[in-house]
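A.B. asks: In case you want the letters, here they are:
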Amino acid sequence: GEDVEQSLFLSVREGDSSVINCTYTDSSSTYLYWYKQEPGAGLQLLTYIFSNMDMKQDQRLTVLLNKKDKHLSLRIADTQTGDSAIYFCAERDNNNDMRFGAGTRLTVKP
Amino acid sequence: NAGVTQTPKFRVLKTGQSMTLLCAQDMNHEYMYWYRQDPGMGLRLIHYSVGEGTTAKGEVPDGYNVSRLKKQNFLLGLESAAPSQTSVYFCASSYGGMNTEAFFGQGTRLTVV
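Protein chains in written order, with my numbering: chain A, 2 to 111; chain B, 14 to 126.
If you are wondering where the hints come from, they were derived from the structure by calculation, not from laboratory data.
Owing to the predicted nature of the structure, the values given are computational and were not obtained by experimental measurement.
By construction, the Cβ of each residue, glycine as well, lies at the ideal position given by its N, Cα and C atoms.
Be aware that one or more of the hints could be misleading.
Claimed, not checked - Across the chosen pairs, the derived CB separations fall in these ranges:
| hint | chain 1 | residue 1 | chain 2 | residue 2 | range |
| --- | --- | --- | --- | --- | --- |
| 1 | B | Asn86 | A | Asp98 | 19 to 27 angstroms |
| 2 | A | Gly16 | B | Asn41 | 41 to 49 angstroms |
| 3 | B | Lys84 | A | Leu9 | 32 to 40 angstroms |
| 4 | B | Met40 | A | Asp70 | 33 to 41 angstroms |
| 5 | A | Ala42 | B | Glu92 | 27 to 35 angstroms |
Using the sequences and the hints, build the whole thing.
C.D. replies: And the structure:
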């Protein structure tokens, strides 16, 4: 079946940029998403990008999509300790099915 | 607005017991979903509903049943719990499909011993 993959851990220093990467296999993906999960909480949608876009910027967040390589990334500028969380990549196909990656645990060190 | 509310937040069951997880949303959303989250794996869709009175199987439906008798509620039932169903369960809802945002509940941590 179709798959979404992410590395499980990322550690950065406060003030640095974080880049979380995701790859997917479904060529019919229409929308791609980044969700944030803080401890003990549900998932919160951070941002999403339509598959015909290659970049989307929202304040400290930059999403890059390489549709040819099926690669999605989330860049967080000036990472803060409050950004420590698990970040999930997800994709939605044209049947409206969503698939999530396993999540990347971002640790921000002071 | 409460958004998406799941009850209970925690539960420990013995193997073979049954229970129902309740998901309630106050956003008048048509779509509702139940996912399970296991360590090292992405969220996997158990069942979903595209409207009141409708349900459909997701990726991992075995051992679970659901009902959507009212638009605002989506119930997930375990008839005979097994240790393999130890997981964190998330409910979500969305207004429609495609680009609409899905709102998630805070999760229910279920342990089956």
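A.B. asks: Please go over all the hints and tell whether each is borne out by the structure.
C.D. replies: These are the hints, each one checked on the structure:
1. Asn86/B <-> Asp98/A: 19 to 27 angstroms: Holds, at about 23 angstroms.
2. Gly16/A <-> Asn41/B: 41 to 49 angstroms: Hint holds: Cβ distance 42 angstroms, inside 41 to 49 angstroms.
3. Lys84/B <-> Leu9/A: 32 to 40 angstroms: Since Lys84/B and Leu9/A have Cβ atoms about 37 angstroms apart, the given range 32 to 40 angstroms holds.
4. Met40/B <-> Asp70/A: 33 to 41 angstroms: holds (36 angstroms)
5. Ala42/A <-> Glu92/B: 27 to 35 angstroms: holds (29 angstroms)
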